[in-house]
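Residue numbers (the working numbering), protein chains in the order written: chain A, 1 to 270; chain B, 1 to 327; chain C, 1 to 261.
Simulated from the structure, these hints should not be mistaken for lab results. In this text the structure is predicted, and so the values were computed from the model without any measurement. Certain hints may be false.
Said to hold, decoys possible - Simulated DEER-style distance windows between Cβ atoms: (1) 20(A) with 2(C): 22 to 30 Å; (2) 197(B) with 17(A): 17 to 25 Å; (3) 132(B) with 154(A): 54 to 62 Å; (4) 242(B) with 172(C): 53 to 61 Å; (5) 4(A) with 26(C): 36 to 44 Å; (6) 132(B) with 250(C): 54 to 62 Å.
As the list claims (entries may be wrong) - Listed below are several chain C residues computed to face chain A (Cβ distance under 7 Å; list not exhaustive): (7) 27; (8) 34; (9) 179.
All C-beta atoms, glycine included, are put in the ideal place defined by N, C-alpha and C.
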Amino acid sequence: MRGSRRLRFARGWRIARVLLSTQYAYMLEYRAEIALWALSGVLPLIMLGVWSGSEAAGGLGLSPERLSRYFLSAFVVRQFTIVWLVHVFEEDALQGRLSPYLLQPLHPLWRYLASHLSEQATRLPFVVLIMAIFFLFQPAAFWLPSPGGFLLAVVAIHLAFLLRFLFQTVITMLCFWTERAAALERLLLIPYLFLSGLVAPLEAFPEGVRAFALLTPFPAMLSFPAQLLAGEPVDLAGGLITIGVWAALLLPLALWLWQAGLRRYSAMGA
Amino acid sequence: MPIISARGLSKTYRVADKQPGLGGTLRHFFARRSRDVQAVSDVNFTIEPGEIVGFLGPNGAGKTTTLKMLTGLIHPSAGEVEVAGCVPFRRQAGFLRQITLVMGQKQQLIWDLPPLDSLRVNAAVYGIDDSEAKRRIDELAGMLDLGEELTRPVRKLSLGQRMKAELLAALLHRPAVLFLDEPTLGLDVNAQARVREFLADYNRRHGATVLLTSHYMADITALCRRVLLIHQGRLFYDGSLDGLTERLAPHREVRFELRDPPPAAAFASYGTFESQDGQQLRLLVPRSELTATVGRLLADFDVLDLEVSDPPIEEIIGRLFRQGAVS
Amino acid sequence: MRNLRLLRRFWATSLAADLEYQVNVLIELLAVGGNLAGSLFVLSLLFGQGGSLGGWSWEEALVVLGLYTLLDGITSTVLQPNLSTIVTHVREGTLDFVLLKPVDSQFWLSARTFSPWGLPGVAAGLALIVVAAAQAGARPDGASVVAALVLLLSSTLILYSLWFVLAATSIWFVKVWNATEVLRAALVAGRYPVSAYPVALRTFFTFVLPVAFLTTVPAEAILGRGSAPWLLASLAVAAFCLLGSRKFWQFALRFYTSASS
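Use the sequences and the hints to build the structure in full.
Next up, the structure:
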């Protein structure tokens, strides 16, 4: 049935194109809010401020230049790996907007993925602007990654985003059972904050904690792509394998939870 | 071969039971209690292709729940249902392409963008190629009298225009069955009339089956030859509309205003006394005696103002319920 | 006072709404605990093998962290639940109802709700302050306790004013309702003593975004290092901010009432 497979692919491609362009037009209407969301991601830059002055950085061989590159890269990675699925999904489910999606022959999760990607595209100019302002105040920190390294970093950022999206999808599915799924996501943000390398580079971790962190998916979501972007030596294979393994675990879980969740949704009253 | 069939359809919900006040809050926090609510009980009916059927009933009667069970959004607690040859709650793609649901005052179109953008998405999702989609949009827009509204953001459209755009988007994929939940809710009289005309026209042209819930009698009288009356989750009546009006609303309501109203007992010979509000009085008069009674009222009293109308549907159904089931 | 009785009634109703969900309690306790543990972890990383961060010892830095946690708890308890509603009111047109009530509108909007979920943060912050200050060798004599409380009050007022002014701008720009998120993100800098930052940021955090007055200055007072000039400056900034917020609100209302249809 090669013909039908090609047809399905063509249809899928068309849906993706239309969804992305429509969502992008939609996100442009919310430019101002998105600009502010980009601005509210300054945490890595504040941490850079603290780390620069600390004695510990010197002791670990983290030069100010290296710290700048790392935290700036962390800032960029964070901007493009933010997932807000649980909040919109919960809202849609409560407001009854989920039902119309369920009645169309398209898995609703594709719509949310498209809106995330469109939001990132809308966010891009503001992120560039913030970085430009940063470099204005700290011209010494400016660097340009090699083309190969940059490409690799972009791929890694997208993979990290997909992993985060998958992770949050699993949590979002809990919306069918509890009204506190968003709160649970906020809770899980805490280990992400501290173990992913967002507030402290993984090198600064004591050996035991670092080993523990590497067992979680969090460093793969931030530290891995950030180090690639900053041009630091990084275990490429290790990072990719980590992402792959976690994705392989989370994807079937997410799909199964979706089916179970829908059964419950239709039992409770859509 | 019926396109919709429901047998023994029922739905029960479990709801939490909480007392008001601070004490109730704390008690509820530590020990939840819940009870069962029967939203729909043992509903049976079949619908043939091309029919326009109305679900009539007061708020909370179970109309929307029944409709959602037919669309597959709600899983029945008991009974069987089949629509267009499929089991709705399995939500197979083949089933989804044959149905559509439109809910009054609920938006499916993207709020900040023109309807055309939402239509593009729908065309892609349902696999309608662009030229065919354009043809259908033109046809439907003509029937709905929509023009440049399709290029304006949805939030800038009036409620009536929005509803028409919603209908267009819902019908782009030419479904065999249309489910409409209170489609004229909140619309002004003209917009309501336009929507009704459109639905009748669409049914004539494409032979689609239409299921319509409403608590406006006018929607039903304009479109449906057959009605299903639902009250407190039960099917009270399934038959022609004429039969219903005949059997259940043999009375008309006469509202009149007197300068100096006498006590209620004075009206016993004119009809059933309903209510008095200062100078305003309401009487129920049998249809057959309407003209005579009105004449007598005008002759015997100093009437300032008089109006004749159908009693509200809630009263008709309420009376029906008090009399017992009608089948 | 009438306002106090009103406050009690407001908060009893919002408590009823919030306690619907038992899972909330568990989650919030875990969140506060987790956040604190993580913050302590990061602080320990910053200290590394050495013994100071910007001239502050470990215990002293913990006092700053405790103050931040306390203020964050206050934000979650009172500021965030109340002030985020201003945008909702503007957007849905219900601000009119607030203005027609026989209660001062700024009071109503600022104190209408009370979220118990911030209380664990308040408690944790207080505990941390007391424990860390004791370990740092601070002696709670009358003067420094009074100074500390006064500075804590002024921190709260400064924080409130910042939040309120930002929330009030939604009368003009409904679309930038999440400006308070930017504020919250920037205020994270208050976790660490202001001397830990490079000079440029230090000036920024003292004169532009008064983070220094929020946590570092009260911490110094608690540790017995408070000085009169800073105390007075802090009070002055607090009074200025509070008055500023009131004036700004009146200005915003004039605009609102003349612009709405």
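Exercise. Return the numbers of the hints above that this structure violates; sort them in rising order.
Key: 1, 2, 3 and 5
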